[in-house]
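> Sequence:
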Amino acid sequence: MCLGIPGEILETHAGDLGLRMGTVRFGGAERLVCLEYVPEAGVGDYVIVHVGVAISKVSEEEAEEVFGYLREIQALSDLDDAERLGAVTRLHEGPAPLPSGGGAAPAA
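According to our numbering, the sequence shown holds residues 3 to 110 in order.
Treat the hints as calculated values from the structure; they're not laboratory data. Cβ coordinates follow ideal geometry from the N, Cα and C atoms, glycine included. Any given hint might turn out to be false.
Ranges of calculated distance between the beta carbons of each label pair, as one might list FRET restraints [claimed, not checked]:
#, residue 1, residue 2, range
1, Leu87, Glu42, 45 to 53 Å
2, Glu32, Glu85, 31 to 39 Å
3, Ala31, Leu78, 14 to 22 Å
4, Asp18, Arg86, 43 to 51 Å
5, Cys4, Glu67, 16 to 24 Å
6, Glu42, Gly17, 34 to 42 Å
Start from the sequences, fold in the hints, and give me the full structure.
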C-alpha cells in the first residue's frame, strides 16, 4: 500500500539532473519534490506526492478534503497519546468512583 499526500506547488525549477523539480508545501512543511510526471502542474496547483515524486494533479477542494482527514487522524492520535498518559478518560469508562465512607447520604 502506498500513501500520497497533497501539497501546493510554491515554485518550480530544473533540478541538477535536468528533471523538473519544485518546492511543495504540505501544511506547514515545505519539501523539494520531483514534478517530472505532472508537466501540466504549475505554481499554485495541488499535486499528490508519494516518496518525493508528484504523481497526479488534484483540485484544491480534493486537497482540502484530504487535509481534513489528516487533521482528524492527528486529533485521534493526540487523544490516544493523552489516554496513554492518563490525561483523559474514555467516555464509555464513566467518571471515577467516589471514595467510600465519610460522604453525605443522598437526600430521599
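> Give a verdict on every hint.
To see whether the hints hold, each was checked on the structure:
1. In this structure the hint that Leu87 and Glu42 lie 45 to 53 Å apart at CB holds, the actual value being about 47 Å.
2. The given range of 31 to 39 Å is respected by Glu32 and Glu85, whose C-beta atoms sit roughly 33 Å from each other.
3. At roughly 20 Å, the beta carbons of Ala31 and Leu78 sit within the given window of 14 to 22 Å.
4. With their beta carbons about 44 Å apart, Asp18 and Arg86 fall inside the hinted range of 43 to 51 Å.
5. Between Cys4 and Glu67 the CB atoms are about 19 Å apart, so this pair conforms to the stated range of 16 to 24 Å.
6. Against the hinted window of 34 to 42 Å, the Cβ-Cβ separation of Glu42 and Gly17 comes to about 18 Å, which falls outside the hint.
Violated hint for the displayed structure: number 6, the only one.
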